[in-house]
Amino acid sequence: GQQLNQSPQSMFIQEGEDVSMNCTSSSIFNTWLWYKQDPGEGPVLLIALYKAGELTSNGRLTAQFGITRKDSFLNISASIPSDVGIYFCAGRRVQAGTALIFGKGTTLSVSS
Amino acid sequence: ETGVTQTPRHLVMGMTNKKSLKCEQHLGHNAMYWYKQSAKKPLELMFVYSLEERVENNSVPSRFSPECPNSSHLFLHLHTLQPEDSALYLCASSQALGSRNEQFFGPGTRLTVL
Numbered sequence: 868g869q870q871l872n873q874s875p876q877s878m879f880i881q882e883g884e885d886v887s888m889n890c891t892s893s894s895i896f897n898t899w900l901w902y903k904q905d906p907g908e909g910p911v912l913l914i915a916l917y918k919a920g921e922l923t924s925n926g927r928l929t930a931q932f933g934i935t936r937k938d939s940f941l942n943i944s945a946s947i948p949s950d951v952g953i954y955f956c957a958g959r960r961v962q963a964g965t966a967l968i969f970g971k972g973t974t975l976s977v978s979s
Numbered sequence: 073e074t075g076v077t078q079t080p081r082h083l084v085m086g087m088t089n090k091k092s093l094k095c096e097q098h099l100g101h102n103a104m105y106w107y108k109q110s111a112k113k114p115l116e117l118m119f120v121y122s123l124e125e126r127v128e129n130n131s132v133p134s135r136f137s138p139e140c141p142n143s144s145h146l147f148l149h150l151h152t153l154q155p156e157d158s159a160l161y162l163c164a165s166s167q168a169l170g171s172r173n174e175q176f177f178g179p180g181t182r183l184t185v186l
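Each protein sequence line maps, in turn, to chains A and B.
FYI, the numbering for the first sequence is 868 to 979, going by this note's numbering.
FYI, the numbering for the second sequence is 73 to 186, going by this note's numbering.
If you are wondering where the hints come from, they were derived from the structure by calculation, not from laboratory data.
Just so it is clear, CB atoms sit at the ideal spot from N, CA and C, and this is done for glycine as well.
Warning: the hint list may mix true and false statements.
Sample of chain A residues lacking proximity to chain B, with all beta carbon distances greater than 12 Å (derived) [as the list claims (entries may be wrong)]:
#1 S894
#2 N942
#3 L967
Within a straight-line C-alpha distance of at most 16 Å, the following computed EDC-like cross-link-like pairs (lysine to aspartate or glutamate) qualify [to be verified]:
#4 K113(B) / E156(B)
#5 K91(B) / D157(B)
#6 K108(B) / E908(A)
#7 K90(B) / D157(B)
#8 K108(B) / E156(B)
#9 K971(A) / E125(B)
Bound conformation, chain A alone (with noise of 0.2 Å):
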């Protein structure tokens, strides 16, 4: 079946570093979403990005919509302890009904 690849799959930063993440996919997707979930709790969306080339913030984190339409990224910037989490990035492929394909998740740790 379909899946998106999201690297890194795990990072370790020091406090105050800025962190990237990104996913491909082989197939067009209309929709990139990026969500975060915490220990023990659901995923939260941080950003919903919805056309190609497309560069939205929200407070430290910004991601963008790639102009091929087959990948995204996440940046962190000023990395704090509470991002502490796993990142998932997820999306839906055009032409393919409205159901959300996940990636793995990226899991981030920062030291302080």
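Starting from the known structure of chain A, fit chain B onto it as the hints suggest.
Same frame as chain A, but now just chain B:
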């Protein structure tokens, strides 16, 4: 406060037990979803309901039986589960189906099947 609540938060059951998971959304949404989240795997969509009608069933074994009595409540009835069914079960809701109707997740039920 996500607006989507799930009970119980943790459940341990034997393979011969029957139990139910409950989800309630307080957002006035019309679509609700069940997902299975296993370690190191992407979220797997199990069931989708829109206006209380099931619109998607992704080849889920019959030992999982969903019920949507109204647009605010969603249940997942469990019977004769297997140990490999142990996972985090997430409920989500959205205003409607389709693009730009994004899903809001509950905290999940951590299920362990012994």
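How the hints compare with the structure:
1. Annotated as non-interface, S894(A) keeps its C-beta farther than 12 Å from every C-beta of chain B; the closest such distance is 15 Å.
2. For N942(A), the condition that its CB be more than 12 Å from all CB atoms of chain B holds, with the nearest at approximately 20 Å.
3. In this structure L967(A) is not separated from chain B by more than 12 Å, as the shortest Cβ-Cβ distance comes to only about 7 Å.
4. Restraint check for K113(B) and E156(B): the C-alpha separation of about 13 Å stays at or below 16 Å, so the hint holds.
5. Among the hinted pairs, K91(B) with D157(B) is consistent with the structure: their alpha-carbon atoms are about 13 Å apart, no more than 16 Å.
6. The straight-line distance between the Cα atoms of K108(B) and E908(A) is roughly 14 Å, inside the 16 Å bound, and the hint therefore holds.
7. At roughly 14 Å between alpha-carbon atoms, K90(B) and D157(B) fall within 16 Å of each other, so this suggested pair holds.
8. For the given pair, K108(B) sits about 11 Å from E156(B) by alpha-carbon distance, which is consistent with the 16 Å threshold.
9. Pair hint K971(A) plus E125(B) does not hold up; C-alpha atoms about 29 Å apart against a cutoff of 16 Å.
Hints 3 and 9, counting from the list given before, are not met by this structure.
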